[in-house]
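Colleague: I would like the entire structure built from these sequences, with the hints used as guidance.
Residues per chain, in single letters:
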Amino acid sequence: MNDILSVQGIFMRFGGVMALSNVTGEVANNTVTSIIGPNGAGKTTLINVISGAFAPTRGEVLFQGQTITGLPPHKVAERGIARTYQNLRLFRHMTALENVMVARHIKTSSGFVACALKLPSSRRDEQITRIRATEYLDFVGLADKAHVDALSLPFGYQRHLEIARALALEPQLLLLDEPAGGLNPQETAGLAELICRIRDKGITVVLIEHDMSLVMEVSQYILVLNYGRKIAEGTPKAIQENEEVIEAYLGKSTEDDAGAQATTRDVADAGSS
Amino acid sequence: MGRGNIICLMILAIVIVAFPFVVESPYYFRVINFAGIFSLVCIGLSLLMGYAGQISIGQAGFFAIGAYSSGILTVHFGWSPAAGIAVGLALNSLLAFLVGIPTLRLRGHYLAMATLGIGEIIHIVAVADTGELVSLVLLVFNKVGLASESLQNTLAPFRALTGGPSGFGQIPTLGIGEWRLTTPTQWFCFIWSVVLLHMVLSLNLVHSRIGRALRAVHGNEEAARAMGINTPPLKIKVFVVSAAMASIAGSLYAHYVTFISPVTFSINESILFVVMVAVGGMMNVWGALVGTVIMTILPESLRFFHDYDILIYGLVLLIIMMFMPDGIVGLIRRLATSLQSRTRTEQ
Chain A
1 MNDILSVQGI FMRFGGVMAL SNVTGEVANN TVTSIIGPNG AGKTTLINVI SGAFAPTRGE
61 VLFQGQTITG LPPHKVAERG IARTYQNLRL FRHMTALENV MVARHIKTSS GFVACALKLP
121 SSRRDEQITR IRATEYLDFV GLADKAHVDA LSLPFGYQRH LEIARALALE PQLLLLDEPA
181 GGLNPQETAG LAELICRIRD KGITVVLIEH DMSLVMEVSQ YILVLNYGRK IAEGTPKAIQ
241 ENEEVIEAYL GKSTEDDAGA QATTRDVADA GSS
Chain B
274 MGRGNIICLM ILAIVIVAFP FVVESPYYFR VINFAGIFSL VCIGLSLLMG YAGQISIGQA
334 GFFAIGAYSS GILTVHFGWS PAAGIAVGLA LNSLLAFLVG IPTLRLRGHY LAMATLGIGE
394 IIHIVAVADT GELVSLVLLV FNKVGLASES LQNTLAPFRA LTGGPSGFGQ IPTLGIGEWR
454 LTTPTQWFCF IWSVVLLHMV LSLNLVHSRI GRALRAVHGN EEAARAMGIN TPPLKIKVFV
514 VSAAMASIAG SLYAHYVTFI SPVTFSINES ILFVVMVAVG GMMNVWGALV GTVIMTILPE
574 SLRFFHDYDI LIYGLVLLII MMFMPDGIVG LIRRLATSLQ SRTRTEQ
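So the protein lines, in turn, are chains A and B.
In this text, residue positions in the first sequence follow our numbering: the first is 1, and each later residue adds one.
In this text, residue positions in the second sequence follow our numbering: the first is 274, and each later residue adds one.
Take the hints with a grain of salt, since some may be wrong.
[Unchecked claim] In silico DSS-like pairs for lysine-lysine, Cα to Cα no more than 25 Å straight-line: (1) A/K107 / B/K510; (2) B/K416 / A/K118; (3) A/K201 / A/K75.
Simulated from the structure, these hints should not be mistaken for lab results.
Since we're looking at a predicted model, the values are computed, not measured.
Modeller: Written out as structure tokens, the structure is:
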């Protein structure tokens, strides 16, 4: 079986709102698979369901052939799924390095007593954690920012730091929730290159993104959501030509929204560039 | 643990060694000994407040259980002080565990509410007159015709278990073999060695994977969970640690003062512990130590205001929260970093 992740008939209801209805899809191993769709389409909700933040109302999430539906987030992380957040959630009052070191928690095991007495096992854990965390900071290009307070870093660096923190879990699957949000074009180009390097490490990436040129550049496969339903899936090229997708982004009348026109052009042009 | 902490620990050790040579008055020793005992409670509380982001308003209750376990078992049952301390530790850990399970699984400040209640219950139990309870039991057994001499003898020690509102005394002092801690100076050396030991252990804990995980929970619990940290057990464990430290402090208090009564363990005391941690700065274990010493010495030097002390605590807390939320140690650290960066730019 070639799919690392598969969601089967996911329904997610919040009170009277059906945020996801009957979403089914697969993510092939070692690909970048993007989930796109207009605001409120349910993309982040789907990420929250996969990562265990929400238990779906109905449906099943399979990771490497095993069900992870309804597992608490820390168990999902242990299985090998890491995530980042649309609105950054770095740890306050901690340096960049410490933020990444937190993610090594499950790779070490010394307990309260060993830590308080600073037993050799705890010292060794600490040393290895520091080395590994530095490697991940280096991977995203933040090695020289290791001792800077995480929240005082420039926004673009904070995005990279969150990715380093997620990678430090050594996941098989990385969920990126709008990683280009708030980045300038130069930073976005750097991000695209970073995503490709992550995939080259053998990590499957699920990308939620509004920046169509980024999506078209890095993804091998795209799922499109609208109003909580999957309306299309396919290769970037197929998606660009899909009538229903263009309609979802623009509505039926195209004359009134210049911003939306720009988006179509993005959808149409990005693949060819 | 960084270099700064090791230097601070060395300074603390030097101050502890030098203190008896500089100070002579037994009164000062008494004040600083109380500060040492209270700082044990506050170090534990700062682990809970600063690192797990939870508040306990019942530390005086855990403090009381430690003190009463030591007092009752040594005075009424003739146990050794070590056994009394161990029983207090076990009772407190169990209680904290049982309170922590339902409250720390939820997000929000449910622990504060639960501990407020627990502290009050412990206080009421300490005030209660067990003599009346024993008389009642004997009366019931008498009515059923089961009263006997042996039953009366068995229950006799329970008559004056807590001593009710007036407490009880003659708690033995601590010692090894024939040798006993008697003078305030000897107690000073003992208490502050225990404080130093707890500081080392706490700093180790804070600067380990556990401390980091706790700070992450405080920083952003949802992200911490997504990073694979199972947060409730971690919070429960740190709460148990804080209760255990309060227990040790309580046992030391009982053996040091040799007399205990419920007034020492009221809710005011619990609130005072929170104030001490906040004044020193809760994001740092050193804050607990500094806050406790200041808040113990301050009222002594402000004898003048004696009936208004709780008012002054409130005012101090208000000012700290408004103008320096990181407390005194936080302020010092900020000043130190800005001074460092200024000298660096001048160079």
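Colleague: Under the constraints set out in the numbered hints, which ones does this structure not fulfil?
Modeller: 2
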